[in-house]
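Peer 1: Quick mapping for you: the protein sequence lines, in order, are chains A and B. Sequential numbering from 270 applies to the first sequence in our numbering. Sequential numbering from 2 applies to the second sequence in our numbering.
Heads up, a few of these hints could be off.
Pairs of lysine-lysine residues, derived as PhoX-like cross-links and limited to a Cα-Cα distance of at most 20 Å, are as follows [to be verified]:
1) B/Lys491 / A/Lys523
2) B/Lys202 / B/Lys156
3) B/Lys156 / B/Lys69
4) A/Lys523 / B/Lys599
5) B/Lys641 / A/Lys307
6) B/Lys547 / B/Lys599
7) B/Lys653 / B/Lys637
8) A/Lys523 / A/Lys487
9) B/Lys149 / B/Lys66
Sample of chain A residues with no beta-carbon within 12 Å of chain B, all distances over it, derived [stated by the list, open to error]:
10) Phe366
11) Gln400
12) Ala512
No lab work stands behind these hints, which were simulated from the structure alone. We treat Cβ as the ideally placed atom computed from N, Cα and C, and that holds for glycine.
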Amino acid sequence: MRRKRLLQAIWSVGIAFAVSPPAHAHHSPSEVVEALTKRIEAGENTVAIFIRRGDEYRAIAKPESAVADYRSALKLSPAYLPALHGLAHASFQQHRFAKTLEVSQQGIAASDSADQAATFHALSARTYEQQLQWERALSAWKKSLASSRPNINWFLGESRALTKLDRLDAARLSLEAAMQRNPSIVLRRAWIQSLIDCGEAKEASLHIEAGLARSRWKSSWLLLRARLELSQNHTREAQRDAASALQEIDSRWKPNTANPWLSSDRQQALAILSD
Amino acid sequence: MFFRLPAKKQVVLCGLVFFVGLAISANAAVAAGPELTRGPYLQSATPESIVVVWRTNSPAAPSVKIGKSVAALNRQIVGGSIQLLVSADVQAPKYITRLYKEPKADAAKRAADDESPSTVPSTYQYEARIQGLEPATRYYYSVYAGKKLLAGADKHHYFVTSPSQGTDADLRIWVVGDSGTGEQDQKEVHLAMQEFTQESKRDLDLYLHVGDMAYVEGTDKQFQNNFFDIYQTTLRNKVCWPSMGNHEGKTSRGTSGTGPYYDAYVVPTAAEAGGLPSGTEAYYSFDIADVHFVCLDSHDLDRTPSGAMAQWLIADLEETQQEWLIAFWHHPPYTKGSHDSDAERQLIEMRTHFMPILESCGVDIVLSGHSHIYERSMLIDGAYATPTVAEGVVVDDGDGNPDHDGAYRKSQGLNPNEGTVAIVAGNGGAGLTRRGTMPIMREILVEHGSVILDIRGDTLTGTMVNKNNVERDVFSIVKRGKVEVTHLEKPWQPPNDPSLLTVFVLAWQDEALGQLPKNWSLAQGPDESVVVQQVSEEQKKLLAVKAGEKSVIATYDNFDDLMSEIRTEISLSTDAVAGVVFAHQNEQNYYAYRFNAKTATAELVRYHEGEAEVLDSREVEIDFSEQVKVEIETRKNIFKFQLNNQVEYDVKLDQPLPEGKFGILVGENSAASYEYLAIRRGLP
Chain A
270 MRRKRLLQAI WSVGIAFAVS PPAHAHHSPS EVVEALTKRI EAGENTVAIF
320 IRRGDEYRAI AKPESAVADY RSALKLSPAY LPALHGLAHA SFQQHRFAKT
370 LEVSQQGIAA SDSADQAATF HALSARTYEQ QLQWERALSA WKKSLASSRP
420 NINWFLGESR ALTKLDRLDA ARLSLEAAMQ RNPSIVLRRA WIQSLIDCGE
470 AKEASLHIEA GLARSRWKSS WLLLRARLEL SQNHTREAQR DAASALQEID
520 SRWKPNTANP WLSSDRQQAL AILSD
Chain B
2 MFFRLPAKKQ VVLCGLVFFV GLAISANAAV AAGPELTRGP YLQSATPESI
52 VVVWRTNSPA APSVKIGKSV AALNRQIVGG SIQLLVSADV QAPKYITRLY
102 KEPKADAAKR AADDESPSTV PSTYQYEARI QGLEPATRYY YSVYAGKKLL
152 AGADKHHYFV TSPSQGTDAD LRIWVVGDSG TGEQDQKEVH LAMQEFTQES
202 KRDLDLYLHV GDMAYVEGTD KQFQNNFFDI YQTTLRNKVC WPSMGNHEGK
252 TSRGTSGTGP YYDAYVVPTA AEAGGLPSGT EAYYSFDIAD VHFVCLDSHD
302 LDRTPSGAMA QWLIADLEET QQEWLIAFWH HPPYTKGSHD SDAERQLIEM
352 RTHFMPILES CGVDIVLSGH SHIYERSMLI DGAYATPTVA EGVVVDDGDG
402 NPDHDGAYRK SQGLNPNEGT VAIVAGNGGA GLTRRGTMPI MREILVEHGS
452 VILDIRGDTL TGTMVNKNNV ERDVFSIVKR GKVEVTHLEK PWQPPNDPSL
502 LTVFVLAWQD EALGQLPKNW SLAQGPDESV VVQQVSEEQK KLLAVKAGEK
552 SVIATYDNFD DLMSEIRTEI SLSTDAVAGV VFAHQNEQNY YAYRFNAKTA
602 TAELVRYHEG EAEVLDSREV EIDFSEQVKV EIETRKNIFK FQLNNQVEYD
652 VKLDQPLPEG KFGILVGENS AASYEYLAIR RGLP
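Extracted from the complex, chain B is given alone in its bound form (with noise of 0.2 Å):
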């Protein structure tokens, strides 16, 4: 990223820019022609302007054409308009702004097959910023090199200006998160979005992502790959507003405003499109219509009250005569999904600085990701405590859902403390988790999917569409009149059920101690066999298990479903036989992975009707004098072993694991324990 200069100063640029561009096409020698290897997409729209971003492989003289049919693009766009960066080997004078290129440091201690951060050589992106267009008007473009068609002039590349600020919304907003991985539930994620627009009828007008859009290290490639690449259809003709995630930021950085995050980017920071300038991109706000939207980098930034982003927003919603207020970033202030917002730093911050400054300026809507899973909170307000609770912040504890429990009512614009809907739209393509349940959360999705706002007029509808285009979560907020708010001491909360976790560390209290654990089982074996003992004072927990004359088989009973991965410490007794069971369906019926200490050799089997099928047996060189990490992990009917993190190997089955239990098993006349156990849920 490179800081804008104020419009004036910026065409100056631009201009000399531009011409210097065109210096070096002329002196280039390349034979193909610039090639289009990024975009085009949109940028920063205003009622009255939008940026269309593109790169090329080779130099070029570009332009940009536009008009409010594909048949009469009459008006054109070059020079002083378009912005040249270039990546760090293009020869090019000084004053150019370059593309990321990764410090030699860095370079240096990368592991020479990990790709590369730095801007594809021989990349040079233009900025085209056009302007003195009609609010809410449907313009078609096209990008040339010289004279070459680089994309558009057809009915696919079109850009809609934003409607006029003040006017009442009639928007629908696409709310990703966490999809950068390129793979195939991103992308049916963007189609299942692009099914539900055409059945109903209502195109989008802008995008939010809420960060994580790169995997894993937001390189310039990963950008192209996992963000432009997939969401090409939508981006050239939407704007997609971001917030940064932690993934760009292990190349990008706020604080400086550099990295292929920022390249991507060009939002607003000073008030381009409404609100105050906040004078960086990694923070900014911007309106449409009657909407105040803000964005937050809770990544790399000072979090702290007194910190200047604190400081901005405070001056920004103070001022904002909106309607409706919106605010996004990563780091969901509420999550029980693959990131706890009790424990994390970043989530705590979030939450106990940010939230209160928020609500106190009436804010509507808080969207996060960062957690792999869909969150939707009730009205709430004032959940600042760690950890959250639900008694006393909850002004309304319905579904939000006007065919049900009615929608949220909130007074006629921007009032404090009325309640807020934070939704975690983390579910955006990357593998789900679910931990825990956050009690203010109204509903709790494991499901991939991407999150739809529409607001018209006075009234907000949000939903969550999951992959394979099916509405699962509907809410609503009505802000008309005046409301009066009654924050609910024992509102309802989501039941904490076990079942729908899908990670479980099978820890267990002390309570336990010396009785077999609580929600577990003995399928076989005599009582007491198996006990819990204290070994540490650093709550850890063993599980030990000494089987007499008969084997012992113990299961654990909050878990009858599919099985993904296992993780144990297991230490053996001198000639045990010891291991896990899992997809234990009833004594006769299940599968087991057990070592034998003695013969120094693993076996998985599997028992059908109480007959034993041995599906692998090998020997396996470990010390079983010590302790044993064993790890898991099943992917249909593939099973991949791992101990100690040094023997690994694949077991392929004649059919995929069915669901059931989970446990250990122990042998006959053997000892062992079991310092941890964990397992996760496999989902379809």
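Looking at chain A on its own, in the form it has when it is part of the complex (with noise of 0.2 Å):
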């Protein structure tokens, strides 16, 4: 017995000092789930605790536990929206889609308004891409931006959807619109692109031109001409610009290093001179 209450007593190595924390003394997620474990065991089930130690254990990846802890506190408060949030977002973690799915469409079901069903959407766009669903993603992209303050990385998720379904117009229409409503730099890279798919190319050129002259470092302007110039099958233009940025690239990527971005931009551009 007493055998069996060590084990269920586990304290993980290094979550010390996490009973009744001063408020601000900063604790570890870890020491942060253990103090909550600890109120919970003392008898203090209610919805926000059992929330709260679920975004803990999203933080340290954990989302098996997390996925327990926001189904405990939907069982206190069914169709709570931050319970149904953290355990979308925990389903998707753990590549759950089909409960993903399931869970954002009660988030939906149960919000007020666009901007709180538009989290849901886009979290289902998210997982239709996954599951290489474009129509369904484009829809639930789009729902998304009814939103009142829609995230700049919806509008780029409603362009993607229509350049998987080959709808380039309305891809680059879409990125127009998103850039009447937000001015980010990446939506207006990702509208050049657009241009480029459209066979705007002169347009597209006036852009990439201006980029190339404002920037210190030139490789992802050079890597988008390159795309401009195999676009109109100019593909000795384009692997002159993929060797430069190329160069670059290299010039600026400490060896053994993994570096996400740079390699990516490398991978585009050997693909290029490998045409």
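Two chains, two separate frames, one set of hints: put the complex together.
Peer 2: Here it is, written out as structure tokens:
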């Protein structure tokens, strides 16, 4: 019995001092989990405490524990949005896409406003993207954009889905509409790519040349120009730009270190060079 | 927060808002007249503009007057340049932006005694964007409600516009993190900065806050009490450029840009102050002189390399033409303070996804908080691995102090991979902790304080000033000519000295099974009476103690200091006497807290020169057939005991606890086991 209790009462190494911490004595997520667990064990079974612990579990990449806590919260308060939000995201983290969609739909149904529903629509869209269901992803992205404060990633998602569905003009128009609502340079860069996709070479070229002139580092603009040149079957010019981009990338990349951004750009340059 | 429209549209809207504000004002019956409830404070400075923000508790016809001397505030700003925001309870047209109100569902779930995060009712926030100013020029200002002077028109209310972009820097920057407690340490850190700037006769130019500015949940009231009230003497004439901490993130959302944090600040979203448009106040950039500043949201946005924040950062950094690059956000890429950057997702992602982008663009300084400690790195490059190691990622392992090892050197301008100094400035006020040693750090200090960065031309100097106004760390970076960089295979590393830690989790390694754990000594009792015994496959170990005719005391060798907290779980045999010892100086002088399972009592005993004095003895309603969780906190001469989260009591001593060792105690003919032992060092 005692042995069982010992096992039940395991404290992970390194999670000391989380009981009744001074409110601003900062604790790691593991410590907070420990403190919350103690409170739950002591009988404090509230919606807020389960959600809080679920959030902390997500922070330390323990989605299965997070899911359990969000479910506990939902038992106490069915259709409570923060719990549905947490559960949907934790399910997504686990790649349990059917569950993610199911919970997102519950979240949408429980939302009072387009703003509240938007995050659930966006998560649904990401889930459909994972399943390569681009039409459904597009529909979900559009619904997320009904929000009064749409996230930049949602605009990008809509144009990405349209591009995947080969509706290139619609993708360009969606980005133009997005730029009316948000000045982000990321939307503008995506729009320039959409110009290339739509064959608007002249306009795309204007923006690319301006970007090249402004920039200290030019590799991403060079790759964009290379894609424009490829779209016009100017393979030699494209490869020249790709080679210049590759040279700059290599000069900026410390060998033997992971650099996700430069790695991606480098692969694009090599792909153009190998065409 | 609200998305701020492009300037032209905003002026039109602001004009409408202003007139509505006037109408509201005219219809309101407020006998006492508006009173200032926040500010005035400054935001979003550029060479030609600045934003003055303040709040009142009833409607007002707002205006600002500015001038180059207190006696000549001869320019008045009214109408279209002042935007009105109101709390949700205020009756106003729908198109007026509302300040944060907690969603109904959340409010229903909140405990009745928990503070509401919503904006205080009857709040009117005014944001006056003043344009057409001269660069690097001091202006005095005052704010009014109708004809009533609310603040200013004196020597304390002024602002200095930013120098023109591209000019040689001559800047002093104050960096603070994790400060928003509203308590004495925070105030002392602020005061120390003020004393430091006065003594060095160089005022601040700007203020960077790296997050956690309003504990515990970033509510509107907590912002007022723990940020605005504390720093008002600085905020009224210096711009604070913020980054959101996880505590602000409890009520504010980067995804939507809403909440008390976003209400409080006005930061550039459309490159108003340089850089490229981010389209969100969650992350942004700005230029001052020849320094490019980048603020990121490490808390609640997509941190993947393909996410909008990373893509914006890449675009922004590719185009900057500045000479210096400073990045700041909340979650540190490198730390072993109260957080561990080798174990926590946000910290790992900021290191593995964002540090490569920044270093490929020549970043000079990376500032963060979150971990309640001061840690300052050597000149590093390419430290993206998990766990962080020093080998091969340090390009200068000196201390960077011009008076000691010499300044760090980089080439002129922004050049990739020539080295970064990463600073964790989480020591601005909240409780401090050190759990380990981050190998790339050059200086690790468990002291409250803040960082002053001075940039003059090609030299940046960083100084950590503690709360007593003592310079505790100084380093410089000189960017001149062309520097060849070498990554050191075996750089200097900070000693991993357990005596410097503030938290000791007394776990033991497998090799100690069946033996007295490493770093433990038997102060009393026969050999082999204390052994490590594994009890599960989850790396949990049990320290088993069996005493014979004499009682057993074993102490931990690596701690001989002031203690502030103990935690353990004890299982006692029937009739056993067992507990912990602390402040153990020798066999004659120590304190003991021990249980007697037979009598169900707990005793606090002081041994002085071998004489026992029972300081407290009481029966405790604990089932000693089960494991007992013990937590002891000491605050000067107050002991707080908590048993099994159920029994709590305090004992006041006649003198503070002295320094000494920590250990376990098992009485004669008793057996006990300790599943877990941990102690926290007390800080002066």
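Peer 1: Beyond 12 Å from every Cβ of chain B: is that where the Cβ of A/Ala512 lies?
Peer 2: Given that every Cβ of chain B is farther than 12 Å from that of A/Ala512, nearest at about 19 Å, it holds.
Peer 1: Is B/Lys547 within 20 Å of B/Lys599, Cα to Cα?
Peer 2: holds (17 Å)
Peer 1: Straight-line Cα separation of A/Lys523 and B/Lys599 no greater than 20 Å?
Peer 2: violated (67 Å)
Peer 1: So is A/Gln400 really clear of chain B, every C-beta pair being over 12 Å apart?
Peer 2: holds (18 Å)
Peer 1: For the pair supplied as a hint, B/Lys156 and B/Lys69, confirm whether the alpha-carbon distance does not exceed 20 Å.
Peer 2: holds (11 Å)
Peer 1: Checking one constraint from the list: CA of B/Lys202 to CA of B/Lys156, max 20 Å. Satisfied?
Peer 2: holds (17 Å)
Peer 1: Over 12 Å from every CB of chain B: does A/Phe366 meet that, or does the non-interface label fail?
Peer 2: holds (18 Å)
Peer 1: Under the criterion that the straight-line Cα-Cα distance not exceed 20 Å, is the pair B/Lys641, A/Lys307 satisfied?
Peer 2: holds (18 Å)
Peer 1: Given the hint that A/Lys523 pairs with A/Lys487, does the C-alpha gap stay at or below 20 Å?
Peer 2: Holds. A/Lys523 to A/Lys487 sits at ~18 Å (cutoff 20 Å).
Peer 1: Would the hint linking B/Lys653 and B/Lys637 be met if the CA-CA limit is 20 Å?
Peer 2: holds (9 Å)
Peer 1: Are the Cα atoms of B/Lys149 and B/Lys66 separated by 20 Å or less?
Peer 2: holds (12 Å)
Peer 1: Does the structure keep B/Lys491 and A/Lys523 at a Cα separation of 20 Å or less?
Peer 2: holds (18 Å)
In this structure, the one hint that does not hold is number 4.
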